[in-house]
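**Q** Chain order of the listed sequences is A and B. Following the numbering used here, the numbering of the first sequence begins with 1 at its first residue and continues without gaps. Following the numbering used here, the numbering of the second sequence begins with 1 at its first residue and continues without gaps.
One or more of the hints may lead you astray.
As the list claims (entries may be wrong) - Here are the simulated distance ranges between beta carbons: (1) A:Trp172 - B:Glu83: 37 to 43 angstroms; (2) B:Asp89 - A:Lys64: 26 to 32 angstroms; (3) B:Arg169 - A:Glu222: 51 to 57 angstroms; (4) B:Asn211 - A:Thr26: 25 to 31 angstroms; (5) B:His57 - A:His2: 37 to 43 angstroms; (6) B:Thr208 - A:Thr26: 48 to 54 angstroms; (7) B:Arg169 - A:Gly174: 43 to 49 angstroms; (8) A:Arg87 - B:Asp214: 26 to 32 angstroms; (9) B:Lys251 - A:Pro86: 54 to 60 angstroms; (10) B:Leu240 - A:Leu59: 58 to 64 angstroms; (11) B:Gly223 - A:Thr26: 32 to 38 angstroms; (12) A:Lys149 - B:Pro195: 56 to 62 angstroms; (13) A:Arg87 - B:Glu222: 32 to 38 angstroms; (14) A:Gly174 - B:Pro139: 18 to 24 angstroms.
As the list claims (entries may be wrong) - List of simulated lysine to aspartate or glutamate pairs, EDC-like, C-alpha gap at most 20 angstroms: (15) A:Lys21 - A:Glu138; (16) B:Lys157 - A:Glu246; (17) A:Lys157 - B:Glu246; (18) A:Lys149 - A:Asp89; (19) A:Lys149 - B:Glu222; (20) A:Lys157 - B:Glu222; (21) B:Lys176 - A:Glu222; (22) B:Lys153 - A:Asp89; (23) B:Lys249 - A:Glu171; (24) A:Lys153 - B:Glu222; (25) B:Lys167 - B:Asp236; (26) A:Lys182 - A:Asp214; (27) A:Lys167 - A:Glu222; (28) A:Lys157 - B:Asp236.
Hint data in this document are derived by calculation from the structure and do not stem from the laboratory. As the structure is a computational prediction, the values presented were derived from the model and not from experiment. Cβ atoms here follow ideal geometry from the backbone N, Cα and C, with glycine treated the same way.
Each chain, letter by letter, is given below.
There are 2 protein chains.
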Amino acid sequence: MHILLTNDDGYFAPGIQMLYKVLSNTGYDVSIVAPEGQRSATGHSITLFNPLFVSEHLLKESLKGFAISGTPSDCVKLAIQGELVPRPDLLISGINQGPNLGTDIFYSGTVSAAMEGVLLGVPSIAVSLASFEYQEFEPAAAYVAENLKLFRKLDYKGLINLNLPGKPRNEWRGLKVTRLGKAVYENIFEQRTDPRGRLYYWQSGTMTPDNESDTDLWAIQEGFVSVTPVHSNLTDYANLSLWTEELAKLK
Amino acid sequence: MHILLTNDDGYFAPGIQMLYKVLSNTGYDVSIVAPEGQRSATGHSITLFNPLFVSEHLLKESLKGFAISGTPSDCVKLAIQGELVPRPDLLISGINQGPNLGTDIFYSGTVSAAMEGVLLGVPSIAVSLASFEYQEFEPAAAYVAENLKLFRKLDYKGLINLNLPGKPRNEWRGLKVTRLGKAVYENIFEQRTDPRGRLYYWQSGTMTPDNESDTDLWAIQEGFVSVTPVHSNLTDYANLSLWTEELAKLK
């Protein structure tokens, strides 16, 4: 089985490097096509108005690693549609440093890269270590490797969004299959003045976690592993026929 | 009623400027918070690692226009959460030069800005003129103004994705309420060599339209106005309980 790895923290980030190490030691054929640097919060953006440069990094004889000057979704497109590597049986995006939960997944380069895999017909998993501080990626990578066959058995055409608690593995409280919660941010823009007196804004803010149970935000807050089935169809089917009637009067 | 306009073609693009002109002439209070330049295909990306600069442009005494150094979604966040303008009753993103149809809406800055409005609780419409060449924005803007009350009457919490045929208005064939189709691209990466001999890739490719009827791609291809209800919930509810059973064996 050939696994393609990508991420949004960049080719040399510890999360993807650890995942590569553990998966290839487990016996999988693994290639990496990832951004050359940090691309967090780049969402599903792609590069149309600039060239994409590629640096090759040796992994093993048969499979290669490529660092790309573009976004996470560029990486997936270039890997699969540009045939940089053999067509993968599975795409894994991550392991991200930090959670990718609730409505925040719209901004996430990690999740968007996995969604790009889904759009191109490749089963995809986004993996995030849900802490910005806790950096032990080995237990997280081992968890993915140990359970990969079970995830594959779901035979899912959408995206599996996996978030792992950002703490030692013996403190994880088991698994919850969750729905996406709503990520609400407060105090999000900080006003500052630059050395030349120009006003500018930094986007920051703290998230108020969604306390409704069954959400991914709740599960991670409570120390569970969160797994969410994420589809790619944004059509709101419930309104199709209603609207056809209501909008008949449009000029 | 206060309408906030944004887009991904930039503050001075003809589509948003025409929409401003027509809507304010119709009697609406309109402000603009839009990117300072071209931001097509930036998806739902936001700017976390750079400051956001703001240039003020005079519109009317009471309402202002702001050009932002960030992405379309930054503009919506800064306008609403950063309170650059009074909280809008309606957000309109566009009029975009070019279609925003099918799975392509994942890449669209125009649609993502409207989705950001939805996430912040503001009813939002994305408007696109479905041609890269046809530049007559006045009939498109007039269509939006004439039918705004009807769209508002839907009282929809999601996003209204409106695509208008890229041809003279007397050739439009009426309205179809549509589902999102699948946008499939072919021959997407062109290999070139720079003056110093470095290989690079340009992303391009042609789209094969989705010929299934009832899709937005089909409607526009056939000369109809396309209106699609787009929700913000990516959870695939159908699999929640099934997965809970299947994944009980996870270590």
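**Q** Compare the structure with each hint and give your call.
**A** Now for the hints, and whether the structure bears them out:
A hinted range of 37 to 43 angstroms holds for the C-beta pair A:Trp172 and B:Glu83, which are about 40 angstroms apart. The supplied range of 26 to 32 angstroms is broken by B:Asp89 and A:Lys64, whose beta-carbon atoms lie about 53 angstroms from each other. Against the hinted window of 51 to 57 angstroms, the Cβ-Cβ separation of B:Arg169 and A:Glu222 comes to about 56 angstroms, which satisfies the hint. At roughly 43 angstroms, the beta-carbon separation of B:Asn211 and A:Thr26 lies outside the given 25 to 31 angstroms, and the hint is violated.
Checked against the given bound of 37 to 43 angstroms, the beta carbons of B:His57 and A:His2, roughly 52 angstroms apart, lie outside it. Checked against the hint of 48 to 54 angstroms, the C-beta distance between B:Thr208 and A:Thr26 comes to roughly 38 angstroms, which is inconsistent with it. Taking the beta carbon of each, B:Arg169 and A:Gly174 are about 59 angstroms apart, not inside 43 to 49 angstroms as hinted. In this structure the hint that A:Arg87 and B:Asp214 lie 26 to 32 angstroms apart at CB holds, the actual value being about 31 angstroms.
About 29 angstroms separates the C-beta atoms of B:Lys251 and A:Pro86, a value inconsistent with the hinted range of 54 to 60 angstroms. Between B:Leu240 and A:Leu59, the C-beta spacing of about 37 angstroms breaks the proposed range 58 to 64 angstroms. For B:Gly223 and A:Thr26, the hinted distance range of 32 to 38 angstroms is not satisfied, since their beta carbons lie about 54 angstroms from each other. Against the hinted window of 56 to 62 angstroms, the Cβ-Cβ separation of A:Lys149 and B:Pro195 comes to about 49 angstroms, which falls outside the hint.
At about 34 angstroms, the CB distance of A:Arg87 to B:Glu222 agrees with the hint of 32 to 38 angstroms. For A:Gly174 and B:Pro139, the Cβ-Cβ distance of about 59 angstroms falls outside the hinted range of 18 to 24 angstroms, so the restraint is violated. A hinted pair counts as satisfied when its Cα atoms are at most 20 angstroms apart, and A:Lys21 with A:Glu138 qualifies at roughly 9 angstroms. Simply put, B:Lys157 and A:Glu246 have alpha-carbon atoms about 16 angstroms apart, close enough for the 20 angstroms limit, and the pair holds.
Taking the CA atoms of A:Lys157 and B:Glu246, the gap is about 16 angstroms. The hint holds against a cut of 20 angstroms. For the suggested pair A:Lys149 and A:Asp89, the alpha carbons sit about 12 angstroms apart, so the restraint of at most 20 angstroms is met. Annotation: proposed proximity of A:Lys149 to B:Glu222 is violated, straight-line Cα distance about 45 angstroms (limit 20 angstroms). Using a Cα cut-off of 20 angstroms, the hinted pair A:Lys157 and B:Glu222 is violated, with the two alpha carbons roughly 30 angstroms apart.
Between the alpha carbons of B:Lys176 and A:Glu222 the distance comes to roughly 46 angstroms, so the proposed pair goes past 20 angstroms and is violated. Between B:Lys153 and A:Asp89 the CA atoms are separated by roughly 47 angstroms; this puts the pair beyond 20 angstroms, and the hint is violated. Annotation: proposed proximity of B:Lys249 to A:Glu171 holds, straight-line Cα distance about 18 angstroms (limit 20 angstroms). About 41 angstroms separates the Cα atoms of A:Lys153 and B:Glu222, which puts this hinted pair outside 20 angstroms; it is violated.
Among the hinted pairs, B:Lys167 with B:Asp236 is inconsistent with the structure: their alpha-carbon atoms are about 38 angstroms apart, more than 20 angstroms. In summary, the hint linking A:Lys182 to A:Asp214 is supported, as the alpha carbons are separated by about 12 angstroms, within the 20 angstroms threshold. Taking the CA atoms of A:Lys167 and A:Glu222, the gap is near 12 angstroms; set against the 20 angstroms cutoff, the hint holds. Our distance criterion of 20 angstroms between C-alpha atoms is met by A:Lys157 and B:Asp236, whose separation comes to about 11 angstroms.
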